[in-house]
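J.: Below, each chain spelled out in residue letters.
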Amino acid sequence: MTWWLWIILGAVVIGAAAWAFRMAGQQATGNKPFFRDMPFGVAFGYVLAAVLLVFFVWFYFQPAELNGAPRASVMFFRWAMNFFLISAAAALAFKFLGSFVGTEGSRKLFRSMPLTASFGLLVILIYTVLAIFAGIIAPHGQEEIFAQANVVPGGNPAMGGNPDFPLGTDQIGRDIYSRLIYGAQNTVGIAFATTCLAFFLGGSLGFLAATLGGWLDQILSRLVDVLMAIPALIFALLLMTIASVWAPTLGIPLTVFMVLIIAVIDSTRVFRLARAVAMNIVVMDYIEAAKLRGEGLSYLIFREILPNATAPLLAEFGLRFCFVFLTIASLSFLGVGIQPPLADWGTMVRDLAQFINFAAFAPLVATAPLLAAGAIALLTVAVNFVVDWMLHKSSGLKE
Amino acid sequence: MSDSDVLVEIKDLWIEGRSDETWNPIINGASMTLKRGEVLGLIGESGAGKSTLGLAAMGFTRDGVRISSGDVKFDGIDLVNASAAVKRELLGKRIAYVAQSAAASFNPAHKLIDQHTEAPVQHGVSSRSDSQADGIELYDRLRLPNPDEIGFRYPHQVSGGQLQRAMTAMAMACRPDLIIFDEPTTALDVTTQIEVLASIRDIVEQFDTAAIYITHDLAVVAQMADRIKVLLKGDEVEESDTRSMLLNPQEEYTKSLWAVRSFQRDQKPVAATDATPVISVKNVTAAYGKVPVLYDVSFDIHAGRTVAVVGESGSGKSTTARCITGLLPPLKGHIEFNGETLPLDYRKRNKMQLRQAQMIYQMADTALNPRKKIGEIIGRPVEFYMGLTGAKKRERVRALLDEIELEPDQFIDRLPSELSGGQKQRVGIARALAAEPQFIICDEVTSALDQLVAEGILKLLAKLQDELDLAYMFITHDLATVKSIADEVVVMKDGRVVEAGPKEEMFQPPHHAYTDLLLSSVPEMDPDWLTNLLSERGVENIGDAAVDKM
Numbered sequence: 001m002t003w004w005l006w007i008i009l010g011a012v013v014i015g016a017a018a019w020a021f022r023m024a025g026q027q028a029t030g031n032k033p034f035f036r037d038m039p040f041g042v043a044f045g046y047v048l049a050a051v052l053l054v055f056f057v058w059f060y061f062q063p064a065e066l067n068g069a070p071r072a073s074v075m076f077f078r079w080a081m082n083f084f085l086i087s088a089a090a091a092l093a094f095k096f097l098g099s100f101v102g103t104e105g106s107r108k109l110f111r112s113m114p115l116t117a118s119f120g121l122l123v124i125l126i127y128t129v130l131a132i133f134a135g136i137i138a139p140h141g142q143e144e145i146f147a148q149a150n151v152v153p154g155g156n157p158a159m160g161g162n163p164d165f166p167l168g169t170d171q172i173g174r175d176i177y178s179r180l181i182y183g184a185q186n187t188v189g190i191a192f193a194t195t196c197l198a199f200f201l202g203g204s205l206g207f208l209a210a211t212l213g214g215w216l217d218q219i220l221s222r223l224v225d226v227l228m229a230i231p232a233l234i235f236a237l238l239l240m241t242i243a244s245v246w247a248p249t250l251g252i253p254l255t256v257f258m259v260l261i262i263a264v265i266d267s268t269r270v271f272r273l274a275r276a277v278a279m280n281i282v283v284m285d286y287i288e289a290a291k292l293r294g295e296g297l298s299y300l301i302f303r304e305i306l307p308n309a310t311a312p313l314l315a316e317f318g319l320r321f322c323f324v325f326l327t328i329a330s331l332s333f334l335g336v337g338i339q340p341p342l343a344d345w346g347t348m349v350r351d352l353a354q355f356i357n358f359a360a361f362a363p364l365v366a367t368a369p370l371l372a373a374g375a376i377a378l379l380t381v382a383v384n385f386v387v388d389w390m391l392h393k394s395s396g397l398k399e
Numbered sequence: 400m401s402d403s404d405v406l407v408e409i410k411d412l413w414i415e416g417r418s419d420e421t422w423n424p425i426i427n428g429a430s431m432t433l434k435r436g437e438v439l440g441l442i443g444e445s446g447a448g449k450s451t452l453g454l455a456a457m458g459f460t461r462d463g464v465r466i467s468s469g470d471v472k473f474d475g476i477d478l479v480n481a482s483a484a485v486k487r488e489l490l491g492k493r494i495a496y497v498a499q500s501a502a503a504s505f506n507p508a509h510k511l512i513d514q515h516t517e518a519p520v521q522h523g524v525s526s527r528s529d530s531q532a533d534g535i536e537l538y539d540r541l542r543l544p545n546p547d548e549i550g551f552r553y554p555h556q557v558s559g560g561q562l563q564r565a566m567t568a569m570a571m572a573c574r575p576d577l578i579i580f581d582e583p584t585t586a587l588d589v590t591t592q593i594e595v596l597a598s599i600r601d602i603v604e605q606f607d608t609a610a611i612y613i614t615h616d617l618a619v620v621a622q623m624a625d626r627i628k629v630l631l632k633g634d635e636v637e638e639s640d641t642r643s644m645l646l647n648p649q650e651e652y653t654k655s656l657w658a659v660r661s662f663q664r665d666q667k668p669v670a671a672t673d674a675t676p677v678i679s680v681k682n683v684t685a686a687y688g689k690v691p692v693l694y695d696v697s698f699d700i701h702a703g704r705t706v707a708v709v710g711e712s713g714s715g716k717s718t719t720a721r722c723i724t725g726l727l728p729p730l731k732g733h734i735e736f737n738g739e740t741l742p743l744d745y746r747k748r749n750k751m752q753l754r755q756a757q758m759i760y761q762m763a764d765t766a767l768n769p770r771k772k773i774g775e776i777i778g779r780p781v782e783f784y785m786g787l788t789g790a791k792k793r794e795r796v797r798a799l800l801d802e803i804e805l806e807p808d809q810f811i812d813r814l815p816s817e818l819s820g821g822q823k824q825r826v827g828i829a830r831a832l833a834a835e836p837q838f839i840i841c842d843e844v845t846s847a848l849d850q851l852v853a854e855g856i857l858k859l860l861a862k863l864q865d866e867l868d869l870a871y872m873f874i875t876h877d878l879a880t881v882k883s884i885a886d887e888v889v890v891m892k893d894g895r896v897v898e899a900g901p902k903e904e905m906f907q908p909p910h911h912a913y914t915d916l917l918l919s920s921v922p923e924m925d926p927d928w929l930t931n932l933l934s935e936r937g938v939e940n941i942g943d944a945a946v947d948k949m
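Read top to bottom, the protein sequences are chains Z and W. Under our numbering, the first residue of the first sequence is numbered 1, with each subsequent residue one higher. Under our numbering, the first residue of the second sequence is numbered 400, with each subsequent residue one higher.
Keep in mind that a hint or two might mislead.
To be verified - In silico contact screen, one side only, chain W against chain Z (beta carbon under 10 Å); selected entries:
(1) Arg540
(2) Thr724
(3) Gln757
(4) Met762
(5) Lys771
(6) Pro780
(7) Leu918
Calculated directly from the structure, the hints in this document are not laboratory data. All residues carry an ideal CB built from backbone N, CA and C; glycine is no exception.
Same shape as in the complex, but just chain W (with noise of 0.2 Å):
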């Protein structure tokens, strides 16, 4: 091992990957140096080639990937001309690897403990007894809940933050030099993010361990890195250390990536009560089979107004919007379109009333029949609703791809697998519109996209709702999106309302518990944000103390 303080070093590296028989350019003369115990924050938006970045930093590209030219060290070793009996000697023992889904990336046909040892004994690192009990220790100071017990449970029995805690603790194992975290929360709830992120940030502490940290959430990482590299489209934008990056950025694209955050649309006078609302909920209550998901769920949504529905996972806001559509007909309670009662089940609707209520859904490409061109999926309910059929239906097609700001010409006659995933969702936009509906469902529209094109379709959302007079009801789980677009916030926990009202005095306290324990946990851009919060709560007891506060 070299005394020298550097660990990784990359120089001008240049990566290209495979598609349509040719070789197209992904990092282009990336440079960077990683200090010991430092850890670098990768953002950019998908696409950008964080990810290709950071694997490359342990000597290894994907399927269809190459490394064209450059130099990549890790303590001294040339990574890139090493042979794979170097690198695996390197791999797993001092650099390693946590991915964003922990779930997808266990085995789950094996407990815990048992992956945890793989690396240790395989690398002669320590006997399988010894890295058994070291993995109970990492558990222990991960805050894992009984570290004792946990590691002797399979995958599918331990929480998605709690896979996630014990996957570090994997890449623990054997105290690497290098962590490389691979969009560690992004798949996580706000709550849960936090308990990870903490625990994240300490055990890389306290082994000054060096990581690099990939992600595309300015505030996560605000929290986590020492120095921060911008990329865009495999370019480097800029490169400096955490405070002065927040406080001073130098470059156009990283101000806008700082200025999305401040996205807000003007407030709208409050609606008038006694007018109809547009959807009414009455005393939902519904099950999936025996078991419960929703009791006693009321509100109401006016015309023009957005109601922001928010929650962690699995506290009904989903199966809501299911009980409004008729997919789920709810066991109590019915459901008020303009003061009509609907049926509760949407086969028993006639076609009026589907029509006035339309979707969008989270994942664009599952929403989006791949077999379809842009044209038909947009065509098919003007055709279907409004009888237009030949020229007429595609010159409503045409002006709805005007709408939402996507060329006609060039889209119309696409497949969804040639647009991007924010050109999906405007399409999925499309679709809900060409129905000319008065109420949309937008169930987590911009939680699977970057913050930039989120942002775009934020704007475009709001657009629509002035010029149409749409009503929205918006479920999601990001409060920096209520923040932006909501009027009004109905907080669901556990298929319960726990507190509803104005986007104004929900965003004053004094709260409801858990609606503080949910903003307080949205991260901020402030990079102390995370040490005071966590001295505030109390170190020893976050997370899952405080949720059985409640």
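Bound-form chain Z, shown alone (with noise of 0.2 Å):
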């Protein structure tokens, strides 16, 4: 039978389980609205569930070896169900030292907080420790070469690892630990800066544009416009080899230009949104009575509408920040971003990426660039996590 007739007759299967669950809930209940309203597709979903969890356990204790040879899809399996419980416990404990510790509103917030939002705060609070101590945490300085190169992560000399690199080295020996610890002090302060420039310039253009209106509007909006037309990715690589020729002989470092091309290119969506956002803003009466109050451009923008356009602000802020940090990434693993020998995630992703070639049968040595992508991916979704829980905040969805 080909694979596909096997998923049929597992939905089939499923389906039949759900059906008899949810009559025998019926029969057992005696007919409570819980199981009587039950459409079939929750039921379904709950079989489902329940045979996921089975299969979940059952793989999680197949043996990681064969015969001999390392099994990867039950090592990467095992590895991946390790790190999320342990997340889920670490942000399950965060929470909880949350809703103890602190003032009384932030104990309130810390237990109304969803644990996908508490575990996206605890993720981005070492990373900014992380970021901020690199120098004192990190074991060995980014540019140290030593004399092993290729160490195996894992530190088990047995397999090919170095107690001392716990993570392992680069292809020309470098510790691959204390890099991506300066990892997060390049790339997330490079992309905080650079998410921060954007929000100022497309920020402030965005609610001048919409509380001026006319003819400063229809030419800033059309600028934008004619950027956004321009495929980001292609737009700031072309800047950057020109801004790359222009660097040494200004005596420029070249970060400075991709800090500013970047910001200026992720600035435009900025401005669309500031700009929409204020529009409503801007027809509310409470405007109208500061403007017949005499009120000055200043006072409207920063006192009257900025108060209530900073939440949609803030959520995009966190949204932008992610795809910054992924251009940076992306650029420096195309070789124009952040140059070596300074640690970047993207970079380091690019030098070790033949390694993926190896997962299959060597699943250790495979997990080299994967440490440097799962850091972006990390970090990544830790800030969508909190970010979704901030527009639920602000938009006052109850449940």
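Two chains, two separate frames, one set of hints: put the complex together.
T.: Here is the structure:
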């Protein structure tokens, strides 16, 4: 039988089980509304979840080696599961801690916070600490080159590791663990500065366009349309190539150009959002009242409009931060971003990328490039969790 | 179907709503019975639980609301414990609902008749073509113009009153046993309201449909209902048939509701006509872009007097206010303030000129910045115009809060969302007063409020006028308000002043034909008023025809 026949058969079996499950529930509880009004899709979901849970537990306890050869799928699954369980526990502990320490307001905030948000906050907190204290925490310098190159992560000499380099070394012998920590400083720090600049530019111009309207709005909006019409990454690449020629002659580090270029390109998206949000606020009667009072432009923008626009802008800040961060990683991956020997996650992925080919028979070797990629993914997910939570809070949705 | 005479029976119903993580009571043990073909009026202030109770009669609760105990029986069927499938069979087919805003309830992407036929076809009552023919007949019975073709228009192509009637027709499509009307005429002008009321009443009578009519307007409910039930904060106050309820209310609260309409401020002596008016509108003609909206509008407002500007929506009342404030510079004519000509554009006016004319808005929700505390909202004009800061500013804000009858300690640090509608409107008044103006424009300030609350606002405005010798321009479409507060009346229609003069003259015949239509369209507390009015006007040509005459 081909694989799709298996899928159809599985769905039919689960469907039958779901129908029986609902029937049994109705009989056992004397037709309580929970079972009586349960749609078939929901019953199907319950049974499917139960089946998956059993499968996961079974798969987790499979032997990691078969006839002496490691089974990559089992190992990666086990790592993922371990990581998932540990982060869930950490998030729970962080939330628990937060609901007993701190001021009355912060404790209330933690108590009402979903687990995903507490996980996101915890990750962001850890990254921030790592980025600020990178020089103290990292055991080695980011540029330090050791004799042993291509040490396998894991620190187990039997598997080709070295306890001195718990996450191994890269192809020219630099400690990956230290470089990951320094990478937080470089990549995250630069991404944060770039996002702030993009918001300052896009936000202030967007508010100005919405408040004044007329010609200024037309000119700014069309300019933004033109910039947005060019694919962002290609445009950034093009400008970075030009900048890499200028930078040495002007004596300005290329990183400054990169920050400016990405900030300007991303500010077009911020401009659109800020303008749209402000447009909705500008038509309110309290703005009319302020205008009729004779208030100046800066009062209107900073005291009347900005407080009402913070929630959507803050949410956008989180998302934009991820995009900027990914752009920097992409540019570094392509070789025009953060320049060696500075550690950067994008560059680290690129340098070690060829090891991914070993995934099937040497899972530990393949982990080397995945560590930096995982660091990027983790931060992106964490920021999005926090942003989702803030959006939910500011929109005032009830459960 | 049982043979019992009782259609809906609600017994000791308790409903709770969820807010701030706890369940708070909304309805406390309400009971009611509704016979077949009977119309029950539910009245009360906003937050009294009228809509919640009305929806519960169809076994429905809004999100975050639940029935905690009690019985709802529709024709013998227990709706509280009914399964979704049972309710699906009833709703739309035997129970229909007409919402307050027809404009928001129709799907703008589909033609009226397509939305009309949806329920009968879904419920298998009739085929699409049959229900389409039936829809056209219903449109005819509801006296919609061009019943044959109006159904093939999209919702935005018909007027608000027509849309409300199309919605009633839609509710009738399956010939339900019960229709719930949730404030169906509240958003309409008085002249339009009459048409809708008359057609709803007729069609309910013709098909012998039972109805629950939810409203806060007593005069309206007096026309529609056989029995009236009064609610206050989820508690039942009293219930009896319409006539005895109107003539002889038993409870204090009901009496106070009835008394609202009798508020009348003291008559003031006629102003000396040779005094310079505070605001003088001189031959103002204005347009939005190329669309002209005002033609040659002129009137004066003297110190200490209230000029009410009345007319339907679209008659140019608010545009006149925008011309006076300078938001919309007029094409021709000008505005004089104490005899001195004001610059047409507000940007060219100086601080002093801006300070002297203040505005109070209809929707207090959008007139107060939701992110600012009450103290900041009122404090800003104090600081901006008077230059007071720190303790002096706070002192002045407290004095203003005292003046609008809100306890300063309690309110100064609250956000607008923590205030009720009436309190927000009072803050709006305080913000205008903070500038110490001579002239205030009140743009429909009471039309979004309940009658008792509105009365409080009107009394406050009257008190402030006496104390501070303010001149008011009072924009409204509600003639009851005009009667109670105005000194002079300006009637507007289609951007022109139709009639103007002192209130006493305006409310005495002879009137201009349009003033007459407006005046006679204001519902009165007499249950026979609508019947009498319709026979006077001739049933076939109410509303549309009466407007056409002019």
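J.: Report the numbers of all earlier hints that the structure fails to satisfy, in ascending order.
T.: 1 and 7
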